[in-house]
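Number of protein chains: 2
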Amino acid sequence: MKSQKTGTAAKAPNKAERRGFLRNATVSTAAVAAMAASGFPKPSLAQGLKKWRMGTTWPKNFPGLGTGGNTLAKFIGDASAGKLTVEVYGGGEIVPGFETMDAVANGTLEMGHGAPYYWKGKVPAAEFIASMPFGMNVMEQNAWIQFGGGQELADKVYRQLGCKFFTSGNTGVQAGGWFNKEINSFEDYQGLKMHIPGLGGEVVKAAGGNVVSLRGGEIPPALQSGAIDATKWVGPYNDLAFGLYKSARFYYYPGWQEPATLLDNFINIKAWEGLDSEQKAIITTANAYTNLFVLNEFVSNNNAALNTLRKDHGVILKKFPDPVLNGLGALAGQVLRELAAQDPLSQEVMDSILKFRAPAINYAAFSEQAFYNARSLPFKYVR
Amino acid sequence: MKSQKTGTAAKAPNKAERRGFLRNATVSTAAVAAMAASGFPKPSLAQGLKKWRMGTTWPKNFPGLGTGGNTLAKFIGDASAGKLTVEVYGGGEIVPGFETMDAVANGTLEMGHGAPYYWKGKVPAAEFIASMPFGMNVMEQNAWIQFGGGQELADKVYRQLGCKFFTSGNTGVQAGGWFNKEINSFEDYQGLKMHIPGLGGEVVKAAGGNVVSLRGGEIPPALQSGAIDATKWVGPYNDLAFGLYKSARFYYYPGWQEPATLLDNFINIKAWEGLDSEQKAIITTANAYTNLFVLNEFVSNNNAALNTLRKDHGVILKKFPDPVLNGLGALAGQVLRELAAQDPLSQEVMDSILKFRAPAINYAAFSEQAFYNARSLPFKYVR
Chain A
1 MKSQKTGTAA KAPNKAERRG FLRNATVSTA AVAAMAASGF PKPSLAQGLK KWRMGTTWPK
61 NFPGLGTGGN TLAKFIGDAS AGKLTVEVYG GGEIVPGFET MDAVANGTLE MGHGAPYYWK
121 GKVPAAEFIA SMPFGMNVME QNAWIQFGGG QELADKVYRQ LGCKFFTSGN TGVQAGGWFN
181 KEINSFEDYQ GLKMHIPGLG GEVVKAAGGN VVSLRGGEIP PALQSGAIDA TKWVGPYNDL
241 AFGLYKSARF YYYPGWQEPA TLLDNFINIK AWEGLDSEQK AIITTANAYT NLFVLNEFVS
301 NNNAALNTLR KDHGVILKKF PDPVLNGLGA LAGQVLRELA AQDPLSQEVM DSILKFRAPA
361 INYAAFSEQA FYNARSLPFK YVR
Chain B
1 MKSQKTGTAA KAPNKAERRG FLRNATVSTA AVAAMAASGF PKPSLAQGLK KWRMGTTWPK
61 NFPGLGTGGN TLAKFIGDAS AGKLTVEVYG GGEIVPGFET MDAVANGTLE MGHGAPYYWK
121 GKVPAAEFIA SMPFGMNVME QNAWIQFGGG QELADKVYRQ LGCKFFTSGN TGVQAGGWFN
181 KEINSFEDYQ GLKMHIPGLG GEVVKAAGGN VVSLRGGEIP PALQSGAIDA TKWVGPYNDL
241 AFGLYKSARF YYYPGWQEPA TLLDNFINIK AWEGLDSEQK AIITTANAYT NLFVLNEFVS
301 NNNAALNTLR KDHGVILKKF PDPVLNGLGA LAGQVLRELA AQDPLSQEVM DSILKFRAPA
361 INYAAFSEQA FYNARSLPFK YVR
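These protein sequences, in sequence, are chains A and B.
Our numbering puts the first sequence at residues 1 to 383.
Our numbering puts the second sequence at residues 1 to 383.
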């Protein structure tokens, strides 16, 4: 989910589009200022109708992600009987994907759909909200947002960006990535050339890896030439569409680096505050619908795509060995603590997550984790 | 979640209320007919305002379940700016909890909130929609409903009940139950006296257990006197409130019998069809909000309650041994296949679930399950 182009996105996205998915780039404000001055039509207020525009960080209709923004816009329009309509623009259509936050903050657009870690250059704490290596899974993250103080903290972070925050989708746990070198011991990370952005990349770096930052389209040739040994992408659904099985031999799991990646809907704070309570309730529930819809789409399509990767493309699945995961887990904690210590708001977010995560781990061992493990026993269930 | 009274429900619920939670009872229509004739005020249509009434199978404000109905009603009212308001009634307030479906079907109430397995006496397939022993967890169940054909099948089942169906909450995986006898081998189920209703009870029966059906309030004394050796209830949040730790020594996991229990919102089909597309969108998104809200409440409170049970009440957690789970899993498949074979619609639902479940198991092993297991390794993450 870090670089934009995949097999199904099709039709050679331009450079700005391809960059839209990369979370490490910095966001320039020049283009936004240019756009703001360029005379795009302003929202119509005729007949009390609000016509809003949503920018997204991904190309329009991008599988699993772009479709989330479409779903959100559709239900806002339907539930308001057209009194509040939202037109969706893909990354690059009004502003480049990466500049969506600036465009929303300055009112060029009323809302955006993306992922919190795209905004870490502006507010580092945003990255901790998106996903933390060895942090919470999606069930825990949703519960933390609603009942663990997460919504209030995310609103505080997004307030600094000039926006109101909503959770608006989730990928669930991502895949570990595509490797042409086997990872048999923790030492195998020494010198490993890997495309892995964000906090996961910081951990790989700390483990001795050589983290390489590439655009989406550069990844397959880099894997084929040996310029990189491995890459992280999203999960089976997007990875199959991108065709990464053609360039790498091993598909590693689990995606310890992003155990649940939250998507955000951010709304210009003045536009939000100008809504009546009816419209606020509509946006709140439409985001909940979208949050579940996106996750359901990922779960459903990942199930099928993993099957296809194994059966039709002979992909070899490999679990990171436990000693490797144990080493990465310890390192992740250390890296996160050091990063959080540099920024009080990041520290506040991380402390809140750690407080929620501790009992959640014990409860998972008693509930979901134990059930998954029980269901994997060799008994025959179906005829 | 089968019997109604818990510690926090308080104030001695009457007999009808206490029975409302029991899912094995049959639903009589006598009281509903009486209510329909008794002159409760009919919905007001003045000024184009719709005033609906929701009956619930649980007591008003019951933790995790009753609060789901409240949340649903609140967001329908808010998002419609009061043009469609829903007044919530607990089980026993207008009709006994169990008779909510009849009251909605005959138009005494416009909608209800409960769980599908309460209606199995009317349409057996409803029980398969609620939860299947060793079936799908909540992420999979939600994805099946939205993308696996589940919504269409549930609508078909509820159409036979005269209603439109919505998913409106989920408990996640429940606990295995409270035991005063240890389960060390599959043979320990021989003669085990256990309160465990529904499909899980059928499996325990097939394993040689003696399944006893009790009302909620009867369970603690029965455990204390040895009239039963074990009981299933919900999970840490509700079980702590009910005080079951005072009557049983061991708290077993995982809850193989209900890996995700879906809550339903059912709407009189004519009332539903009389809505405009705006109101339909509002109810659809309010249910999605409620679905997540209920799960989030369970996750959040279960985390904390398990901690309290262990630390403050010295509860001993025990995992069912793998050979026991393996035996129960095989038996569950057999019991479910036999039950489904007796009813074409149950067979259709079960076939659809099995088709979704097979690749989901492989994907879980690559994703959520593998992540949970990685996160449980002994590394030090927090200071």
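Wrong hints could be hidden among the right ones.
Heads up, the list lumps identical chains together, so a pair's fine if it works in one copy or across two of them.
DSSO-like cross-link-like pairs, simulated, lysine-lysine; straight-line CA separation at most 27 Å [to be verified]:
{"no.": "1", "residue 1": "Lys280", "residue 2": "Lys51"}
{"no.": "2", "residue 1": "Lys318", "residue 2": "Lys380"}
{"no.": "3", "residue 1": "Lys83", "residue 2": "Lys380"}
{"no.": "4", "residue 1": "Lys355", "residue 2": "Lys380"}
{"no.": "5", "residue 1": "Lys355", "residue 2": "Lys311"}
{"no.": "6", "residue 1": "Lys83", "residue 2": "Lys51"}
{"no.": "7", "residue 1": "Lys319", "residue 2": "Lys122"}
{"no.": "8", "residue 1": "Lys280", "residue 2": "Lys318"}
{"no.": "9", "residue 1": "Lys156", "residue 2": "Lys181"}
{"no.": "10", "residue 1": "Lys380", "residue 2": "Lys156"}
{"no.": "11", "residue 1": "Lys270", "residue 2": "Lys246"}
{"no.": "12", "residue 1": "Lys280", "residue 2": "Lys205"}
{"no.": "13", "residue 1": "Lys380", "residue 2": "Lys50"}
{"no.": "14", "residue 1": "Lys122", "residue 2": "Lys181"}
Keep in mind the hints are simulated off the structure, nothing from the lab.
Q) For this structure, which hints from the list above don't hold up? A) Of the numbered hints given earlier, those the structure breaks are 3, 7, 8, 9, 10, 11, 12, 13, 14, listed in rising order.
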